[in-house]
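Participant: Assemble the whole structure, with the sequences as input and the hints as a guide.
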Amino acid sequence: MDDRLAAALAALPAALAAHIVLSAAALALAMLVALPLAVRAARRPRLRALALGLAGTVQTVPALALLALFYPLLLAASALTRPLGLTLPALGFLPSLLALALFAILPMLRNAVEGLIGLDPAVLEAADAVGMTRAQRLRLVELPLAAPVVMAGIRTAAVWTIGTATLATTVGQTCLGNLIFTGLQTEDWVGVLVGCLAAALLAIVVDALLALVQHGLSPLRPARLALAGGTLALGTAAALAALAPASNTTNRIGAKNFGEQFILAALIRDRLAATGAQAQIRSGLGSAVAFRALAASDIDVYVDYSGTLWTNVLARTDTPPPAVLRAQLTKALAAKPGIRVLGPLGFENAYALAMRRDRATQFGIRSIADLARAAPGLTLGADLEFLGRPEWRGIAQAYHLRFARSRAYSPTFMYRALADGSVDVISAFSSDGRIASQDLIVLADPAHAIPSYDALILISPARAHDARLAAALSPLIGRIPVERMRAANLMVDRDANKLTPDAAARWLDPAQRR
Amino acid sequence: MTAAIAFAGVHKSFAGTPVLHDLSLAIAPGSFTALVGASGSGKTTTLRLVNRLIDPDGGTVHVGGDAVDALPAPMLRRRIGYVFQGIGLFPHLTVAENIGITPRLLGWDKPRIAARIAELLGLVALPADYAPRLPAALSGGERQRVGLARALAAAPRLMLMDEPMGALDPVTRDTLGRDYQALHQSLGLTTLMVTHDIQEALLLADRIIVMSAGRIVADATPRALLAGPAPPQAAALIAVAARQSAAIAALGQSAADG
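Note that the protein sequences, when read in sequence, are chains A and B. For the record, in the first sequence the residue sitting at position 450 is 450 according to the numbering used here, with numbers rising by one throughout. If you want the numbering used here, it's the position in the second sequence, counting the first as 1, plus 1000.
Please note: incorrect hints may appear among the correct ones.
[Claimed, not checked] The calculated lysine to any residue pairs, modelled on SDA-like cross-linking and capped at a C-alpha distance of 25 Å, are: (1) K1110/B with L143/A; (2) K1110/B with L220/A; (3) K1110/B with R137/A; (4) K1110/B with P219/A; (5) K1110/B with R139/A; (6) K1110/B with R221/A; (7) K1110/B with Q136/A; (8) K1110/B with L138/A.
The hints are simulated quantities; they were obtained by calculation from the structure and are not laboratory data.
Facilitator: This is the structure:
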């Protein structure tokens, strides 16, 4: 417990600083777009209808989906701008910034337009009649009078942006969401709570400061404005300063969204730190996102599984022996897009179908072939990716599998659902410690429909020839047997006496073993 | 002598509906002219053409011998006082800041503006300690006095007034009307005032122009207008004023008799 709190608090400053910088940048960008647009839209009814309609439409897209959409959009944009010598990072800060700013525009635009068109026409007539130019009228009369309503919109946007920025974790941007998402995957509720409380507290403080700005605007109270504005600027500057040293010459390590990946990312970070290199983890990435981020050199290194790349990236449906598969994969990735497969860690984390021992015995199921007979009466629980992956189509086709129902869960809750009988079969991972601890049966694959899944260290094209990076990570190759990985996974996933991924990584590190 | 205001062959339509037909008119410097007529007669449009709150479709408007579009509209307006029924005081500015706005736009220095504000508060009979107040703290009559001071701040030679006393109670209206008439005299202003109240026009102005459906139907001194003969549209207005005055006089007589 104390260990988890300590780990969460240790991760907090960096996450908070990145969260503040991201939110502030998104709000600033949204203001730069929304406020000048509002001034024009207030004078032109047709532009007003168009702008508010567009912003309203954006608002109906779920925030998570909008973040996810910016990834392929930026990849495409980057492909267009590359001939000009400009590469856009498709992962991390830029997509998060754009998605959050796009969302923040609506409340700002709507309030600013309402504030401006709601002004007393007599006051505007007087402004013209005393001899103000358009710009003077805006500066001396319209903006000061509309300021409280405009500020109310900015406050709404700020609170909303700080909350939604936690989702930026999913596109590889460090933020308070890292604590929340990592905590959710490893059932570390202390981490989740620390992340949520920090985000809530930040939103409350920023809202209070913006309220002070609002009340300092009309009538004008310069002392209040200076106090609130100064505090906001100082906080952002402090967050920026805290981030600055970590942002250059840092190795970026990718991690997908489950415990084993968090542990391996921490292990890689520790190995790099041991050689004096800086490293930063981008966790919670989907499989496809992680791979494409590596291919685009948005991350430098991560661990993926041979079978996953074989089926998903190379689109192969055959299942050759593990060593052959690995050799072909290494060659193919080196050719295009130039990714270096440093080598296997020594364990396999295969997709497997697993059942509770009592249920399997009850139906007399030992292999997937047995399962196929009983499947029309059973429910499949899958992780969020499995049903969309070619492996599943391969298995289903090879065994003519058809379930009564299938449900998707985040991995932690999938095991829960199997334990409480909500589902009968799950898409498990062979290195998962819970297979042993929950006494599950892994079903045999007599038709060899599932390829091998050796865990491989992959290095991005940009760093493929970086000898220092390779030297730092080479000691891990072949040094992590499946028993140890399973034990480390269980340390993070179990309910009692839970460890953090960082602590499990230290336990797993071959260099720490005598 | 150059006319303070000169209209020549001015046309104006709104959304295809003509509101002014071939208007030609000269206003002499130092005169106090009232534009009267029913709603929609074109009197407010005529007034707003002078400081270019409206631009004509055809014809020309000159102020002090210069075409109104010779300068950008804001420059023209800083030289013309404008007072209207809506008053339009800036609610976020103090009384002093409201009065000082046109001098500020003209780039006067601060001491000169401060001195001018103090002078104007006296001129429109407002206490000096009103300067730091916000408009919301004033009565309707006081607000229109601030509006008048604001219009006079940059010492314009020409004042445009659109129903300036329209929203005030009769006593305030009478006092403010007579106070303004005195200012008009003492400052040597040229005043063009729109009103639908013929009595107000008769009592304040030295020239009355009656408009109907976008045309001038009568143009005379109050005395000449009362003496008649007047065209039908003007006669009806004057008859109302005369009948009301007679009725009130008769009522006063009978009260004194009784």
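Participant: For each hint, tell me whether it holds in the structure or not.
Facilitator: These are the hints, each one checked on the structure:
Proposed proximity of K1110/B and L143/A is supported: the alpha carbons are some 24 Å apart, at most 25 Å. The hinted pair formed by K1110/B and L220/A meets the criterion: a straight-line CA distance of about 19 Å does not exceed 25 Å. About 21 Å separates the Cα atoms of K1110/B and R137/A, which keeps this hinted pair within 25 Å; it holds. Distance check on the hinted pair: K1110/B and P219/A sit about 21 Å apart at the alpha-carbon level, within 25 Å; holds.
Pair hint K1110/B plus R139/A holds up; C-alpha atoms about 20 Å apart against a cutoff of 25 Å. The straight-line distance between the Cα atoms of K1110/B and R221/A is roughly 21 Å, inside the 25 Å bound, and the hint therefore holds. Proximity of K1110/B to Q136/A is assessed by CA-CA distance (about 19 Å); at most 25 Å being required, the pair is judged to hold. Taking the CA atoms of K1110/B and L138/A, the gap is near 23 Å; set against the 25 Å cutoff, the hint holds.
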